[in-house]
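Peer 1: So the chains spell out like this:
Protein chains: 2
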Amino acid sequence: MSDLEEVQRQLAETKAALAAIKGKDGTVSPLAPSSTYDIFTVPGVTLSAVAAEVRYTGRDDVMMMKLDSGSTIAGVFTKSATRSAPVLWCENALAQLTDSNEPIGVIANAGNSNAFTGFAGEESTKAMAVGTAEALGTLPERVFVASTGVIGERLPHQKIEAVIGKLADTLDPSCWSQGASAIMTTDTFPKVASVQCEIDGETITISGMAKGSGMIAPDMATMLAFAATDANIGQAALQTLLNEGTAISFNAVTVDGDTSTSDTLLLSATRQANHLRIEDAEDARLADFRNALNTLLRDLAHQVVRDGEGASKFIEVQVTGAETNAAAKKIALSIANSPLVKTAFAGEDPNWGRIVMAVGKSGEKADRDALTIRFGDILVAEKGWVADGYREEDGAAYMRAQDLIVSADVGVGNGEAKVWTCDLTYAYVRINADYRS
Amino acid sequence: MSDLEEVQRQLAETKAALAAIKGKDGTVSPLAPSSTYDIFTVPGVTLSAVAAEVRYTGRDDVMMMKLDSGSTIAGVFTKSATRSAPVLWCENALAQLTDSNEPIGVIANAGNSNAFTGFAGEESTKAMAVGTAEALGTLPERVFVASTGVIGERLPHQKIEAVIGKLADTLDPSCWSQGASAIMTTDTFPKVASVQCEIDGETITISGMAKGSGMIAPDMATMLAFAATDANIGQAALQTLLNEGTAISFNAVTVDGDTSTSDTLLLSATRQANHLRIEDAEDARLADFRNALNTLLRDLAHQVVRDGEGASKFIEVQVTGAETNAAAKKIALSIANSPLVKTAFAGEDPNWGRIVMAVGKSGEKADRDALTIRFGDILVAEKGWVADGYREEDGAAYMRAQDLIVSADVGVGNGEAKVWTCDLTYAYVRINADYRS
Numbered sequence: 011m012s013d014l015e016e017v018q019r020q021l022a023e024t025k026a027a028l029a030a031i032k033g034k035d036g037t038v039s040p041l042a043p044s045s046t047y048d049i050f051t052v053p054g055v056t057l058s059a060v061a062a063e064v065r066y067t068g069r070d071d072v073m074m075m076k077l078d079s080g081s082t083i084a085g086v087f088t089k090s091a092t093r094s095a096p097v098l099w100c101e102n103a104l105a106q107l108t109d110s111n112e113p114i115g116v117i118a119n120a121g122n123s124n125a126f127t128g129f130a131g132e133e134s135t136k137a138m139a140v141g142t143a144e145a146l147g148t149l150p151e152r153v154f155v156a157s158t159g160v161i162g163e164r165l166p167h168q169k170i171e172a173v174i175g176k177l178a179d180t181l182d183p184s185c186w187s188q189g190a191s192a193i194m195t196t197d198t199f200p201k202v203a204s205v206q207c208e209i210d211g212e213t214i215t216i217s218g219m220a221k222g223s224g225m226i227a228p229d230m231a232t233m234l235a236f237a238a239t240d241a242n243i244g245q246a247a248l249q250t251l252l253n254e255g256t257a258i259s260f261n262a263v264t265v266d267g268d269t270s271t272s273d274t275l276l277l278s279a280t281r282q283a284n285h286l287r288i289e290d291a292e293d294a295r296l297a298d299f300r301n302a303l304n305t306l307l308r309d310l311a312h313q314v315v316r317d318g319e320g321a322s323k324f325i326e327v328q329v330t331g332a333e334t335n336a337a338a339k340k341i342a343l344s345i346a347n348s349p350l351v352k353t354a355f356a357g358e359d360p361n362w363g364r365i366v367m368a369v370g371k372s373g374e375k376a377d378r379d380a381l382t383i384r385f386g387d388i389l390v391a392e393k394g395w396v397a398d399g400y401r402e403e404d405g406a407a408y409m410r411a412q413d414l415i416v417s418a419d420v421g422v423g424n425g426e427a428k429v430w431t432c433d434l435t436y437a438y439v440r441i442n443a444d445y446r447s
Numbered sequence: 011m012s013d014l015e016e017v018q019r020q021l022a023e024t025k026a027a028l029a030a031i032k033g034k035d036g037t038v039s040p041l042a043p044s045s046t047y048d049i050f051t052v053p054g055v056t057l058s059a060v061a062a063e064v065r066y067t068g069r070d071d072v073m074m075m076k077l078d079s080g081s082t083i084a085g086v087f088t089k090s091a092t093r094s095a096p097v098l099w100c101e102n103a104l105a106q107l108t109d110s111n112e113p114i115g116v117i118a119n120a121g122n123s124n125a126f127t128g129f130a131g132e133e134s135t136k137a138m139a140v141g142t143a144e145a146l147g148t149l150p151e152r153v154f155v156a157s158t159g160v161i162g163e164r165l166p167h168q169k170i171e172a173v174i175g176k177l178a179d180t181l182d183p184s185c186w187s188q189g190a191s192a193i194m195t196t197d198t199f200p201k202v203a204s205v206q207c208e209i210d211g212e213t214i215t216i217s218g219m220a221k222g223s224g225m226i227a228p229d230m231a232t233m234l235a236f237a238a239t240d241a242n243i244g245q246a247a248l249q250t251l252l253n254e255g256t257a258i259s260f261n262a263v264t265v266d267g268d269t270s271t272s273d274t275l276l277l278s279a280t281r282q283a284n285h286l287r288i289e290d291a292e293d294a295r296l297a298d299f300r301n302a303l304n305t306l307l308r309d310l311a312h313q314v315v316r317d318g319e320g321a322s323k324f325i326e327v328q329v330t331g332a333e334t335n336a337a338a339k340k341i342a343l344s345i346a347n348s349p350l351v352k353t354a355f356a357g358e359d360p361n362w363g364r365i366v367m368a369v370g371k372s373g374e375k376a377d378r379d380a381l382t383i384r385f386g387d388i389l390v391a392e393k394g395w396v397a398d399g400y401r402e403e404d405g406a407a408y409m410r411a412q413d414l415i416v417s418a419d420v421g422v423g424n425g426e427a428k429v430w431t432c433d434l435t436y437a438y439v440r441i442n443a444d445y446r447s
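Chains as they are written, first to last, in the numbering used here: chain A, 11 to 447; chain B, 11 to 447.
Because the hints were derived from the structure by calculation, they are not lab data. As the structure is a prediction and not an experimental result, all values here were calculated from the model. What you were told as hints is all true, and nothing was included just to trick you.
The list treats identical chains as one, so a pair stands whether inside a single copy or across any two.
Mimicking EDC-like on lysine to aspartate or glutamate, the simulated pairs with C-alpha atoms at most 20 Å apart in a straight line are:
1. 393 / 379
2. 136 / 101
3. 89 / 254
4. 136 / 379
5. 89 / 333
6. 136 / 171
7. 169 / 179
8. 340 / 377
9. 375 / 392
10. 25 / 13
11. 25 / 15
12. 393 / 163
13. 176 / 78
14. 375 / 101
Using the sequences provided together with the hints, build the complete structure.
Peer 2: Structure follows, in structure tokens:
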């Protein structure tokens, strides 16, 4: 081999090593769902998406949803003390919501979160609501506004106002995927899900979309999700169902433990289905609906994790044997948020000592000498020490899978919880350290 | 330029890019203190260090400290529910401690933390205590044991027992740095500090050592620190002083938010100084000593952060205007532990939106529209929005420094706190994802 060939070979090798660390830009997450979803249309719901060039060019970045007369809506929002103007607007709109004949509107943009923008933020939000209300023939206070993207930059809402007419003119029942694409920021794939169930023998549809790509993505602050059903459910019952479902879906996932200033989850019911209205979330007729809703929310939440920044592994953390369910969830989140646990997963290292550490630091009660840890079905540790039959090579082989289950029984009670997370990779650092530079 | 030269140039460039990402192995942290410390010997304290090859070869890995008759000792330990056998031993020893004529011993090893090792862990700890007690002519319950290193592997305590005689034979007042080197794991430099002060006109010395290199390092679980003074202070007062000092030093630093199963901080007083014994921590004669002790603890704690895994920036986070001091500390830790904030620092990105996010997610009260953020002296944001005079290039220039100060006034009260942290770099992921593989 000539000198030139040898140096060329070394260059190729070094470039490959560099690429492996830096991760791939512009490609879809390796954890993206492999099959495409059939999205059922929801009677009474139409959507549209257009390009307003708020920040991005060459792609749609504003989404509109119209919910016909007779609809109601429920919402869950970030608890952040520094939540954005659109979140405050939506909270207020929800508090004032009455049953009326006017439709309900949703307008959402990507590229600028309109968070921490002072009075200008309120102006921009109001302008979006007023413009949408006029176009949809409703009142501004019946329009829900969401923005996702950079924090602290004034939102050029004129660009959005300029496309509201086009959005209203192109509303269509089948535009769920287009809507999901329009609200993407650092997301690498659009997130949609759709389920059907029955209430009183009637077929009911629930469809939804979400965007991540962290509980907060970098400057791209936000997790947004919008879902709708034709079920005939009263507002209070709908809100209760959404609260319950959120606790075991969106509030049980974490990418980096950072909470967005803009997190918004809306669930509307157009109430066009032919069953009698249900006003009580505990109504027995809701059993199937509740399951279907929870499935849909969990599906969307998992997609957010599967598109977590830099993610190469999807991890389910199961905790049992805690004092209460709440304690179990706190321990599970302690594991799922631990940088040391997450980097071990990235390195495919069956490092169960870090699970022990994360259980210990949670602040919840655990019996060190009754602690059991499993990777999938592999018993790793029990009774305060490594399990007799455990072989490191079995743990290492398990870690090479893309979807992992880690379970810990902490030996003090009957509380249990599941949460979902992804690993912490070089690519997470790259995306978040290099984004604005 | 020939083809060969051109390809060689490209190879050199690519290798440099790879090296920049991968970080430097075997080199000292760029944040290490540049000057060497003068370590004052402490009357009544002798130390030694030898190689027992617990895990490492070619270096000392066991440290012994002897505190002469008349000494007392105070301790602070991890609150982890899965704390190690040595921690449980020390807590018990401290609870039983009486004033007696026997000396006090400390024995610490690196390479194996003896954590989550079941009954075998207790055996190993006891063996180390018994061996040390025999060599020093004291009781096992007057020996404090600390271990740092891999979790979940049985400690080969026979290797340590085999060198106890040599440790006892080579005790020397000046071996602080050797002791600090012997307890290093992923640390890149030994951490020592020494101060002098006065009590009742007498010169008093406090010297100490610590190891990191995170609140928990990877498998290398532990922050250990040992300090000693010749001050004549009663046990209860010494414990109070240590508790107070820990709150504003070791308990105000974070590398990754992960809490070790082995964290141990011991402060002994040989009581050989010529002032009357002080039994009350509130005694006015302790004013200078208290300052000196806090300075020493903060110095050691800062060194731990400066050797944080992969650290390239040392960051002081100041929070003012919170409801209480405790609320301020919680907000400061929310900023200091945020992966998004820490990666922004790594990327030298003056991303103040992430500071807003971290304030918001802390769970403590903050007034979004009164929030003020500064990078050093640069006013970045105020009254809920970017400051009028702020220029992004000023923020970017500030971020290029190695030592940074970020301050946030949250506008609701008079509570304040300072915490210290480092950035989150590629090298952190490398160290923690790749360590065992």
